[in-house]
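Trainee: Just so you know, the sequences run in chain order A and B. First residue of the first sequence? That's 192 in my numbering, and the numbers climb one at a time after it. First residue of the second sequence? That's 192 in my numbering, and the numbers climb one at a time after it.
Read the hints as simulated data drawn from the structure, not as lab findings. It is possible that some hints are incorrect.
As the list makes no split between identical chains, a pair holds if one copy fits it or if it spans any two.
[To be verified] Derived BS3-like pairs (lysine-lysine); straight-line CA-CA distance at most 25 angstroms:
1) Lys267 / Lys296
2) Lys265 / Lys314
3) Lys265 / Lys307
4) Lys296 / Lys265
5) Lys211 / Lys265
6) Lys275 / Lys296
7) Lys258 / Lys296
8) Lys267 / Lys314
9) Lys265 / Lys309
10) Lys258 / Lys314
11) Lys271 / Lys314
Protein chains: 2
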Amino acid sequence: MRKKRSECPFSRSLDIWGDKWSLLIIRDIIFLEKNTYGDFLKSPEGISTNILANRLQQLEEHGIIEKMEHPDSKTKFLYKLTPKGIGLIPMMADMYLWADSYLDKDEQEQLPDIMKRKLEVLKENRAQGIKNLADKLS
Amino acid sequence: MRKKRSECPFSRSLDIWGDKWSLLIIRDIIFLEKNTYGDFLKSPEGISTNILANRLQQLEEHGIIEKMEHPDSKTKFLYKLTPKGIGLIPMMADMYLWADSYLDKDEQEQLPDIMKRKLEVLKENRAQGIKNLADKLS
């Protein structure tokens, strides 16, 4: 585990999941229903095998994801968000809403259908408060 | 500017501000009312001068912060959030609320008073919707 840098709650949180690759893995689980090492490896950002293994281990050690046996294979594992990991959904939702407000939207046309559907649910439910989204998105 | 990795809005956002140091600079501006290079350099996480210069430039290039002349000195600059940067406050608020729910709170006692006050405002106003927080926190 990395050493925490300060007593600040932001800094301590960022030491757990505050890097691009960790957040992309969390995105994969929430918005793309990915749940295996092989799934994460295939994401378009091209994570390397050593970074992926490192981030999965770190997220597991900090109780953000849990690793379970895969029902179809003894050599594969399933990764799911724990309640602590599900607690990150509001933040991920805000992250998307920021992108939706401030970044060019043209490229979103090319997103996988499953992600488009989940992002649509997220926008429709924004007014009702994103805290209720965890159930709908999981 | 870094090359974007994919068309995904999460990935594109993370390429702009999704690393620990950028987010700590944004924290400094929002919650600690810091606004100069020297202020950021003094934060307890100990950012290095080259990373700080790089992140300030990147955040400015992407329109998250703006660099202005300092009223007191010709050799210093003021950094402030643009509207696009202020748009990150809800996400930062959720990040704090996550930490407040899931991390040990003992260490928060040692935070600077200004940050404690702002975090308190943030928690009190959570029920009214974090989107309204931008004015109160800025």
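Trainee: Now tell me if each hint is right for this structure.
Mentor: Evaluation of the provided hints:
no. : hint            : in the structure
1   : Lys267 / Lys296 : neither (36 angstroms within a copy, 37 angstroms between copies)
2   : Lys265 / Lys314 : neither (39 angstroms within a copy, 45 angstroms between copies)
3   : Lys265 / Lys307 : neither (32 angstroms within a copy, 49 angstroms between copies)
4   : Lys296 / Lys265 : neither (41 angstroms within a copy, 40 angstroms between copies)
5   : Lys211 / Lys265 : neither (30 angstroms within a copy, 36 angstroms between copies)
6   : Lys275 / Lys296 : between (31 angstroms within a copy, 15 angstroms between copies)
7   : Lys258 / Lys296 : neither (35 angstroms within a copy, 27 angstroms between copies)
8   : Lys267 / Lys314 : neither (34 angstroms within a copy, 41 angstroms between copies)
9   : Lys265 / Lys309 : neither (31 angstroms within a copy, 50 angstroms between copies)
10  : Lys258 / Lys314 : neither (30 angstroms within a copy, 33 angstroms between copies)
11  : Lys271 / Lys314 : within (24 angstroms within a copy, 29 angstroms between copies)
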